[in-house]
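Participant: One-letter residues, chain by chain:
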Amino acid sequence: AQSVSQHNHHVILSEAASLELGCNYSYGGTVNLFWYVQYPGQHLQLLLKYFSGDPLVKGIKGFEAEFIKSKFSFNLRKPSVQWSDTAEYFCAVITNAGKSTFGDGTTLTVKP
Amino acid sequence: NAGVTQTPKFRILKIGQSMTLQCTQDMNHNYMYWYRQDPGMGLKLIYYSVGAGITDKGEVPNGYNVSRSTTEDFPLRLELAAPSQTSVYFCASSFGWAGENYEQYFGPGTRLTVT
Numbered sequence: 050a051q052s053v054s055q056h057n058h059h060v061i062l063s064e065a066a067s068l069e070l071g072c073n074y075s076y077g078g079t080v081n082l083f084w085y086v087q088y089p090g091q092h093l094q095l096l097l098k099y100f101s102g103d104p105l106v107k108g109i110k111g112f113e114a115e116f117i118k119s120k121f122s123f124n125l126r127k128p129s130v131q132w133s134d135t136a137e138y139f140c141a142v143i144t145n146a147g148k149s150t151f152g153d154g155t156t157l158t159v160k161p
Numbered sequence: 004n005a006g007v008t009q010t011p012k013f014r015i016l017k018i019g020q021s022m023t024l025q026c027t028q029d030m031n032h033n034y035m036y037w038y039r040q041d042p043g044m045g046l047k048l049i050y051y052s053v054g055a056g057i058t059d060k061g062e063v064p065n066g067y068n069v070s071r072s073t074t075e076d077f078p079l080r081l082e083l084a085a086p087s088q089t090s091v092y093f094c095a096s097s098f099g100w101a102g103e104n105y106e107q108y109f110g111p112g113t114r115l116t117v118t
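Chains as they are written, first to last, in my numbering: chain A, 50 to 161; chain B, 4 to 118.
Chain A extracted, bound-state conformation:
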């Protein structure tokens, strides 16, 4: 069975600090990888996704993520966070059977 692990449950940063959120998955076959963001009171929005090719993918709002196959990781990064990045972030995988699994999420709080 596939699983997704997000190591940081709650991250608190000051504005302009750099961000890295960890995500590891377990699955023996081909997966597609995603990061979603959920702002307070809203539903999930796609930040970025990886299917194939360049393991460094860029998404919206200055976010990027790197797929490291040997480590089963897909960490999310942003060089300089803003107060408006305060939200919950979810890593997810989807297998070639169409089954999706989400991590438990990381709450990011950015202090102005």
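Check each hint, because a few of them may be wrong.
Stated by the list, open to error - Now the stretches of chain B that chain A is said to cover, found in silico as 3 or more residues with beta-carbon under 8 Å:
| # | region |
| --- | --- |
| 1 | 40-52 |
| 2 | 58-72 |
What the hints assert, rightly or not - A few chain B residues that don't get close to chain A, going by computed Cβ distances all over 10 Å:
| # | residue |
| --- | --- |
| 3 | LYS17 |
| 4 | THR23 |
| 5 | THR27 |
| 6 | MET30 |
| 7 | ALA55 |
| 8 | ASP76 |
| 9 | ARG80 |
| 10 | LEU81 |
| 11 | GLN107 |
| 12 | THR118 |
Simulated from the structure, these hints should not be mistaken for lab results. Think of the CB as a built atom: it goes at the ideal place given N, C-alpha and C, for glycine as much as any other residue.
Mind docking chain B on chain A? Use the hints.
Facilitator: Quick look at chain B alone, frame taken from chain A:
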């Protein structure tokens, strides 16, 4: 396109009651999903479907049933509501499972309370 629509938005059930959460998409997507999100937690997959007439269990299927008689609709049935089913339920759809244009589109959610 309306995208993914869910009804109702809110519902309070008594223990033992049953109800159906409706989900409809107008994007001709093959794949549809039902998730629940408990406070402070991620989304847990309840059931999913890769096409009309095909459904499969996710991580937390107990206490729920689904059907997929058409491409557009994917209702979720709770037969005997229990307090543990208090949650926010999200329906989602996608064209496939991979590809450059892949994206899972989410509905606005249904907030269910069982007392």
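Participant: Are the hints correct? Go through all of them and say.
Facilitator: A quick look at each hint next to the structure:
1. Note: the region 40-52 of chain B has 7 residues with beta-carbon separation from chain A under 8 Å; the three-residue rule is met and the coverage holds.
2. Counting residues of the region 58-72 of chain B whose CB lies closer than 8 Å to any CB of chain A gives 3, which reaches the minimum of 3, so the coverage claim holds.
3. A cut-off of 10 Å between C-beta atoms confirms that LYS17(B) is not in contact with chain A; the least separation is 27 Å.
4. For THR23(B), the condition that its CB be more than 10 Å from all CB atoms of chain A holds, with the nearest at approximately 21 Å.
5. Listed as outside the interface, THR27(B) is consistent with that label: its C-beta sits roughly 16 Å from the nearest C-beta of chain A, beyond the 10 Å cut-off.
6. At the 10 Å boundary, the C-beta of MET30(B) stays outside the reach of chain A, the nearest C-beta of that chain being 15 Å off.
7. For ALA55(B), the shortest C-beta to C-beta distance to chain A comes to about 14 Å, beyond the 10 Å cut-off, and the non-interface label holds.
8. With 10 Å as the threshold on Cβ separation, the claim that ASP76(B) sits away from chain A holds: the shortest Cβ distance comes to roughly 18 Å.
9. Separation of ARG80(B) from chain A is adequate, the least Cβ-Cβ distance of about 20 Å exceeding the 10 Å criterion.
10. Consistency note on LEU81(B): stated as away from chain A, and its beta-carbon is indeed over 10 Å from all of that chain's, at 21 Å minimum.
11. Chain A draws GLN107(B) into its interface by the beta-carbon criterion, the shortest separation being 7 Å against a cut-off of 10 Å.
12. The claim that THR118(B) lies off the interface holds: its Cβ sits roughly 23 Å from the closest Cβ of chain A, which is beyond the 10 Å cut-off.
In terms of the numbered hints stated before, the structure departs from hint 11 and from no other.
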